[in-house]
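J.: Chain by chain, the residues run as shown.
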Amino acid sequence: MRILIAGDGKVGATLTRQLSAEGHDLILIDSNQAVLESSEEQYDVLTVRGNCASMSVLREAGVQRADLLIAATSTDEMNLLCCLTAHGLNPALSTIARIRDPEYLGQVSEMRELFGLSLAVNPEKQAALEISRLIEYPGFLKRDTFAKSRSEIVELRLDADSRLCGLALSQLPHTLHCQVLVCAVLRDGCAVMPGGDFVLRAEDRIFVTADAENLSLLLKNLGVLPRRARRALIAGGGRVGYYLAQKLLTQGVGVKVVERSAARCEEFARLLPEADVLHGDASSRTLLESEGLGRSDALVTLTGMDELNIILSLYGIGRGVPQVITKLGRAENLQMLSGLHLGSVVCPKELCCSTIVRYVRAMQNQVGAALTVHSIADGQAEAVEFLADGTTLHCGEPLRSIRLRPNVLIAGIARGAQTEIPNGSSCFYSGDTLIVVTGRETVLRGLNDIFN
Amino acid sequence: MNYKMVGRIVALTLLVEAAFLLPPLALCLADGEGGVALAFLASIGVILLAAGALWLLSRGRRPGFYAREGLVCVALCWVAMSLLGCLPFVFSGQIPNYIDALFEIVSGFTTTGSSILPEVESLSRGILYWRSFSHWLGGMGVLVFLLALVPLASRSEGYALHLMRAESPGPSVGKLVPRLKQTAAILYGIYFLLTVLNVAFLLAGGMPWFDALCTAYGTAGTGGFATRNDSMASFSPYLQNVCTVFMMLFGVNFGCYYLLLLRRFADFFGDEEVRLYFGIAAGSTVLIALNLRGRYATVEETVRHAAFQVSSIMTTTGFASTDFDRWPSFSKSILLCLMIVGACAGSTGGGLKCSRVLLLGKTLRRDLLQLLHPRRVQAVRINGRAVDERIVAQTNAYLAVYVLIAAVSFMLISLDGFSLTTNFSAVLSCFNNIGPGLDSVGPAANFGGYSALSKLVLIFDMLAGRLEIFPMLALFSPTAWRRG
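Protein sequence lines, in the order shown, are assigned to chains A and B. Start counting the first sequence at 1; every next residue gets the next number (this note's numbering). Start counting the second sequence at 453; every next residue gets the next number (this note's numbering).
Just so you know, these hints were derived from the structure itself, not from any lab. Keep in mind that a hint or two might mislead.
Unchecked claim - Cβ-to-Cβ under 10 Å is the rule here; a few derived chain B residues that face chain A: (1) Y518; (2) A519; (3) K633; (4) R842.
Glycine included, every Cβ here is placed at the ideal spot set by N, Cα and C.
Construct the complete structure from the given sequences, taking the supplied hints into account.
T.: Laid out in structure tokens, this is it:
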């Protein structure tokens, strides 16, 4: 597809990397020549310099022949105007705008209709949702949902005292008294697709397929005590903080927000009267201690500085907070942090990009193409969701008789409201949703690619 | 410096070269010239050996390819291609001296067309074909050809752009479509089509097919190697006019032809560079024709020769329909100036390029106005768009380096004792990739009289002129070779 990306910032650059790797023709529009040049040198894309809401710039970028416009500049109004103008020039164009001002939040769906947007993305809102989902089940570092949220792949770190250490994977069902499938293990920074004789050990990060409804059972069986969070401390009262506090309050979790700017504190207190808003510096140890950091069930660090977030999270972990979640503005930093035990890390821009990439994939609407793709194990493996249909090979055959490509694993079969954790005798039928886990170097273009 | 990556690309370039040595080999076999065919076969063998060695050495290469690698890689590709491409001349004994053979093939690849051969008609047809075909390959660039064929980078990476930037002429090289491979394919597609059209027109005028093919190669690459000793003089007026038109066509920015394909006619005809290019050509033709009046029998002949020489020199082709060295001084001076102006950026022609002349002129005007009104703020605009100040600065720097290299080369070749006109026009002719100069290197003479040192200087000039100086200079920069 021919895709225009307006705004070559962090989201724009991440989208460029992903969409260009998927073989789309990309045209980037930005007013800053330097960022355009760096994108042009890194990726095989065309760049146009100028104001992305200007008709002549849009024409120069070939809006008439484009299939999709993604507006991801820093201001909502610019994104909307860009989409509107482009839509006027090419009514057949699909448009995606990033809209993130909380004041527009209530009217996003109306705006979508009014302005003909195909999709409106809000990275901060998404991040807040993601964080609240993590707080819902303490113990999981990351949750990826599949099959319309009916099944998930969750990430866990094995502590030294975990009952799973020293067990081979084939022994797991026996020990845990439930069906578990470990689809990937991250050990010493490398992702492994384990076989039945793989022995787990402390410090492994494991990725487990689970039915969405049995998450607490799974936690219990894994020996992690599922304890509902009752008090959460949020450092930083920005947009993510606001959305998160709102969400947590509706879930009945007590929220304390520490924010440095007095004006922002007042606004926060006005918008969310139930939250405890504290005016002060989150990096001050005495403030955190006096506000009961040690007794909190969760610490979420959402300040504007990645460095501060990381330091605060490490401090929180040291103080024994059961669940610590860090927000990172720059996803690239994630790789540099692989040696630290940071707890969960959430990156709003990555989340926003994966939503858009998923939308683009759905737009292509190819038969047998992936429905969703989630990158797991620090980006070293991918969990891909496929819909089996009439053209799919090996329907109705037990898995043990099907030869899959190396480094490919069927991690879940979702049928109706149920997710089956597959074993050798499981089979899939047309209409089922399959969750497939692969190493990153294996490119799956369709479901039939997984067979050898 | 990522040596292995560079090595792999040089190896690929050599493979392309070896492949293009096959047609002349076939031609020799068809003509029953076993000795020359053997020379081609041996050359292909040597090139394949070199490519194979580089291929093996470049195993286990890692990614990481930046502007530095791009510049050095392009320069190395051209040097390697030239060093090995001249082997057929040496092995066949038709140009036994290695330096002479190197001069000849560099002149071919850089689309210069300067020759050290006093006469060409006795040469084997295979050799003549290879000489002319080197123009075609060098015109659009062998790396652009490679980019159109082979995915040099994995599908998402953009670093191959560095290669295209370093090889394609012009102050700012951009893509036509988002994908580099497609851009390269479009450029070569237009190039190929125009060449076919040129051959068809030449054949229609009764030119033998071998001459038509070679002449079209020379015209398309704006090279200038001809199959006859008197270049184009002995061909019919029709054929000369066909050449005039096609030389002009190949001097136009190929990006502009893409505008035509997109039916953006207004953009094409409104393009300031294209207008300047045709304007200068028309103006010079009128001035020379006036200056030449009475010298030829008819007005038609006068205009024909004036137009032919103007388009030949301005597009830096270097064909001649008459010995313009005998023209009056004013006409020769105009031709010398046209040598420097050159063709459009993004064409196969050489020289300073019309877009640079345009930019320099506009910058000059702005700077003068700024002297008169020191607080005046004004951007240099081309085609209604403000030009980035960095490009303006780069263009000024380019002119400075251009003058410097021309001056140094001029002094170095003056050691051989030829006249000032000879030396001056020889440097301009080689540096701007034209071909013939004036006086002792005029259209009826050749470069054979220069010493080996001068030939090496001119070889450097030709390569520097074709690659727009900086890639060749990068070869001499120690920081470019540093590891890591």
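J.: Have a go at the K633 of chain B hint: is there a Cβ in chain A nearer than 10 Å to its own Cβ?
T.: 8 Å, holds
J.: Would you settle whether the hint for A519 of chain B is holds or violated, based on the nearest Cβ-Cβ distance to chain A being less than 10 Å?
T.: With Cβ-Cβ at 7 Å, under 10 Å, it holds.
J.: Hint R842 of chain B vs chain A: min CB-CB distance below 10 Å?
T.: For R842 of chain B, the interface hint holds, since the closest Cβ of chain A sits about 8 Å away, which is under 10 Å.
J.: Given Y518 of chain B as an interface hint, is its Cβ closer than 10 Å to any Cβ of chain A?
T.: 8 Å, holds
When the structure is compared with the earlier hints, no violation turns up for any of them.
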